[in-house]
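A.B. asks: Given chain Y, put chain X in place with the hints provided.
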Amino acid sequence: DSGVTQTPKHLITATGQRVTLRCSPRSGDLSVYWYQQSLDQGLQFLIQYYNGEERAKGNILERFSAQQFPDLHSELNLSSLELGDSALYFCASSPGDGLSPLHFGNGTRLTVT
Amino acid sequence: AQSVTQPDIHITVSEGASLELRCNYSYGATPYLFWYVQSPGQGLQLLLKYFSGDTLVQGIKGFEAEFKRSQSSFNLRKPSVHWSDAAEYFCAVGVPGNQFYFGTGTSLTVIP
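Residue numbers (my numbering), protein chains in the order written: chain Y, 1 to 113; chain X, 1 to 112.
It is worth saying that the hints were derived from the structure and are not from the lab. Incorrect hints may have been included.
Said to hold, decoys possible - Far from chain Y, some chain X residues (derived; all Cβ distances over 10 Å):
id, residue
1, A17
2, L19
3, L44
4, G62
5, S84
Unchecked claim - Label-pair distances were calculated between CB atoms; the ranges are:
id, chain 1, residue 1, chain 2, residue 2, range
6, Y, Q44, X, Q58, 36 to 44 Å
7, Y, T20, X, Q45, 34 to 42 Å
8, X, S72, Y, H10, 35 to 43 Å
9, X, Q45, Y, D40, 33 to 41 Å
Idealized CB from N, CA, C, for every residue including glycine.
Chain Y with its partners taken away, still in its complex shape (with noise of 0.2 Å):
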C-alpha cells in the first residue's frame, strides 16, 4: 500500500459529460502528480502541485483542471468528456523536497462511452 488513495475506481461515463477524480496523498507529502496512462500514449504527466500551488503543467487539455486544497487532497477536473479521454488516471504524491521518489495510487479508470 503506496499511502496514496484515488477514488473512485472506476468511472464510467457519457461523451460531454463533466467528471471530477480524487486524490488523498500519502501523510507528510506536500506535492501531488496527475498522469493519463492510455494504450497508444503510455504515462503522460498531466500537472503537479506543491502545497496549494500549480507547480507545473504538462500535456494537460484546456478541457481539464486541477487543484490541491487546504487539506493537501487534489482533484483532477475533466469535461466536455470525448471517447479519447477514456484511460487510467494516476496520482502520485511526494515530500517534494526534490529527493524522495513518486508514490502512486492505484488509478481510477475511466472509460467514456
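C.D. replies: Below, chain X alone, put in the same frame as chain Y:
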C-alpha cells in the same frame, strides 16, 4: 531537454532466466533515477532508486540496477525471473524542481 528511453517495448523470458531491461536518459547533470513496476490494474510501485554513491543499487523483489554515467544508462537486472515478475516496467528520471520524466515502459512476459 530531459528524456528517458526504454528501447524494448516488449521482452519475453523463460522463468528462471536472467533479465536485463534497458534504460537510457538524457540530462545535463547526474539525475535521480528510478525503476517502477506496474502489475495489471495496479498503480506503479517503486522498485529501486539511485541518488548518488554506489552505482549498483539493490531494490525490492530481488531486482538491482546499475548506473553508468558514461553510457547515460540505468539498466534493471534480475538473476532469475519468476512468473510473478510479469508486468510493465518504467524507468524514470527526477530532476531539480521535483520534476519526473518517465520512459514509455517495457512489458515483460514470463514463459513457464
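A.B. asks: Hint by hint, say whether it matches the structure.
C.D. replies: Going through the hints against the structure:
1. Look at A17(X): its CB is around 26 Å from the nearest CB on chain Y, clear of 10 Å, so calling it non-interface holds up.
2. The non-interface label for L19(X) is consistent with chain Y: the shortest C-beta to C-beta separation is roughly 21 Å, beyond 10 Å.
3. Listed as outside the interface, L44(X) is inconsistent with that label: its C-beta sits roughly 4 Å from the nearest C-beta of chain Y, within the 10 Å cut-off.
4. Under the 10 Å C-beta cut-off, the non-interface status given to G62(X) relative to chain Y holds; the minimum distance is some 19 Å.
5. Every beta carbon of chain Y lies more than 10 Å from that of S84(X), the smallest distance being close to 18 Å; the non-interface claim holds.
6. Distance hint for Q44(Y) and Q58(X): a CB-CB separation of about 30 Å, inconsistent with the stated range 36 to 44 Å.
7. Taking the beta carbon of each, T20(Y) and Q45(X) are about 26 Å apart, not inside 34 to 42 Å as hinted.
8. Separated by about 39 Å at the C-beta atoms, S72(X) and H10(Y) satisfy the suggested range of 35 to 43 Å.
9. At about 23 Å, the CB distance of Q45(X) to D40(Y) disagrees with the hint of 33 to 41 Å.
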